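Engineer: Listed below are the residues making up each chain.
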Amino acid sequence: MPAADEVHQLSTRKDATGDLFRLIAEKGHYAGRTKPTSTRQGIYAAAPSGAFLASINSRNPRAVEKMLREALANWEAMPESERFADHQDLGGQSWSRLYPEDGMVLQIFSRDLPGKEASGDWRDLAWNQDFAWFRRGEVLSFIPESRKLGERIEVDPKLVRRLSSLHLVDNVRGQVPPFNDRDVREAELTATITAIGNNTLTLRLKGKTRAEASGVWSVNGHRDTPKDHHRGVACDLLGEAVFNTDKERFTSFELVALGERWGGAKYNARADDLGRGPIGYLLTLSRSDARVAPASIWRYGW
Amino acid sequence: MLRRILAGMVCGVIAGESVASEPPLTQSPTPDALSLDTLDAWVNLLRLDEQELCFLDIAWRDTFAQGVEEAYRVRKPVLLWAMNGHPLGCT
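Just so you know, the protein sequences line up as chains U and V, in that order. For what it's worth, numbering that gives the first Met the number 0 labels the leading residue of the first sequence as 0, then goes sequentially. For what it's worth, numbering that gives the first Met the number 0 labels the leading residue of the second sequence as 0, then goes sequentially.
Treat the hints as calculated values from the structure; they're not laboratory data. All figures in this text were calculated on a predicted structure; none of them were measured in a lab. Mixed in with the good hints there might be a few duds.
Not everything, but these chain U residues come out facing chain V in the computed CB check (under 10 Å) [to be verified]:
#1 TRP74
#2 ALA76
#3 PRO78
#4 ILE195
#5 ASN197
#6 ALA289
Straight-line alpha carbon distances no greater than 27 Å define the calculated DSS-like cross-link-like pairs of lysine-lysine that follow [to be verified]:
#7 U:LYS13 / V:LYS75
#8 V:LYS75 / U:LYS65
#9 U:LYS246 / U:LYS265
#10 U:LYS157 / U:LYS207
#11 U:LYS26 / V:LYS75
#12 U:LYS65 / U:LYS147
#13 U:LYS26 / U:LYS65
#14 U:LYS157 / U:LYS13
#15 U:LYS13 / U:LYS115
Glycine is no exception: its CB is placed at the ideal position from the N, C-alpha and C atoms.
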């Protein structure tokens with residue numbers, strides 16, 4: 000049964016889910032590890048009881064294949080009594096409880112764009128993604144009140160600042176801390192009604208964002224000493240969206256953000272590329288069934 | 000990259016097949032400057048393609064707890080992909 004989850008929450012939560020994960024992880028590839036970090040990220044195979052089968056943290060396809068075959072062999076050899084324990088309800092709290100059922104979920108894809116010397120490895124095709132959640136009231140802030148052709152509205156600045164600080168970040172090669180709200184220097188987005196159908200409004204979206212931060216941090220994982228750094232992302236935004244006035248929902252939403260990123264953070268793998276480089280994002284309606292929370296959901300203030 | 004590797008690994012091993020190697024690395028050329036005329040081209044460039052989304056061919060449960068609950072029901076082992084940052088989101 001394949002499952003994906005966020006490892007820091009699993010490692011630290013104080014409930015049956017956390018206990019079960021730690022039971023497995025402390026027999027795995029990072030068991031007992033505290034340096035350079037105490038992360039337990041990786042791929043684990045286990046019986047539902049928590050009986051360990053195999054694990055690995057590797058990008059090497061052959062190594063992962065070997066681990067999976069080992070896990071299957073161990074499963075086959077494991078007595079039924081070890082596979083299943085007395086079942087307990089794992090349950091527990093998760094950010095998915097905040098999923099905006101009647102709002103909007105955007106999927107945000109980020110990529111580097113050509114313009115710098117190719118690395119010749121995974122970095123040339125790196126991409127990442129995130130989800131952005133909007134409550135119903137926030138969705139409606141994209142819609143001009145009069146709903147007349149040519150009418151324009153400034154999208155709630157709080158939402159645009161949230162996009163800039165939490166979502167338009169340089170996560171292409173790996174995780175990066177969000178910007179603070181005070182780091183946002185520009186954040187504007189207008190929505191203009193460009194067409195009206197029987198039950199639809201077509202909107203043109205246009206704007207720009209800029210966030211930058213300075214401070215002392217590492218840019219190469221645990222391999223460099225923290226020192227003064229500066230990082231930022233500046234984008235022009237352009238897009239189109241279709242809003243269904245019967246359902247009061249967007250049925251199409253495509254917003255492109257193009258611009259520059261510069262600097263690096265501890266884990267976003269920019270140590271070799273701290274200068275300015277082109278970056279692009281697509282914000283589009285999520286086609287995923289996953290109720291995976293935005294990476295910085297705790298900053299939403301919901 | 001791990002997303003793509005893992006999708007190929009899991010599908011291949013479960014099917015009893017040998018596993019394909021990684022695809023070649025090539026970047027697509029970019030359209031002209033962003034404008035209403037080039038918007039569709041930029042959307043297409045930035046949208047993930049099927050190959051990039053192949054890791055979703057696996058029916059990942061969103062949480063470890065959900066995976067364990069279902070594993071009990073179908074009497075199967077659990078394969079957990081646990082990363083700093085949710086693997087199905089930003090990792």
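Engineer: Each hint should be assessed against the structure and marked as holding or not.
Structural biologist: Right, here's what the structure says about each hint:
1. For TRP74 of chain U, the interface hint holds, the least distance from its beta-carbon to any beta-carbon of chain V being 5 Å, beneath 10 Å.
2. With 10 Å as the threshold, the beta carbon of ALA76 of chain U stays out of range of chain V, its nearest partner Cβ sitting at about 12 Å, so the hint is violated.
3. For PRO78 of chain U, the suggested interface contact is broken, since its CB lies about 13 Å from the closest CB of chain V, more than 10 Å.
4. For ILE195 of chain U, the suggested interface contact is broken, since its CB lies about 18 Å from the closest CB of chain V, more than 10 Å.
5. With a cut of 10 Å, the hint placing ASN197 of chain U at the interface with chain V is violated, because the nearest CB-to-CB distance is about 24 Å.
6. Look at ALA289 of chain U: its Cβ gets to within about 5 Å of chain V, closer than 10 Å, so that hint holds up.
7. Between the alpha carbons of LYS13 of chain U and LYS75 of chain V the distance comes to roughly 26 Å, so the proposed pair stays at or under 27 Å and holds.
8. For the given pair, LYS75 of chain V sits about 19 Å from LYS65 of chain U by alpha-carbon distance, which is consistent with the 27 Å threshold.
9. A distance of roughly 43 Å separates the Cα atoms of LYS246 of chain U and LYS265 of chain U; the hinted pair therefore is violated under the 27 Å criterion.
10. Simply put, LYS157 of chain U and LYS207 of chain U have alpha-carbon atoms about 14 Å apart, close enough for the 27 Å limit, and the pair holds.
11. For a cut-off of 27 Å, the pair hint linking LYS26 of chain U to LYS75 of chain V stands: about 20 Å separates their Cα positions.
12. Only pairs whose Cα atoms come within 27 Å are accepted, and LYS65 of chain U paired with LYS147 of chain U is rejected, the gap being roughly 61 Å.
13. Restraint check for LYS26 of chain U and LYS65 of chain U: the C-alpha separation of about 18 Å stays at or below 27 Å, so the hint holds.
14. Note on LYS157 of chain U and LYS13 of chain U: the hinted pairing is violated, with a Cα-Cα distance of about 34 Å set against a maximum of 27 Å.
15. For the hint pairing LYS13 of chain U with LYS115 of chain U, the CA-to-CA distance comes to about 46 Å; that exceeds 27 Å, so the pair is violated.
This entry does not satisfy hints 2, 3, 4, 5, 9, 12, 14 and 15, going by the numbered hints stated previously.
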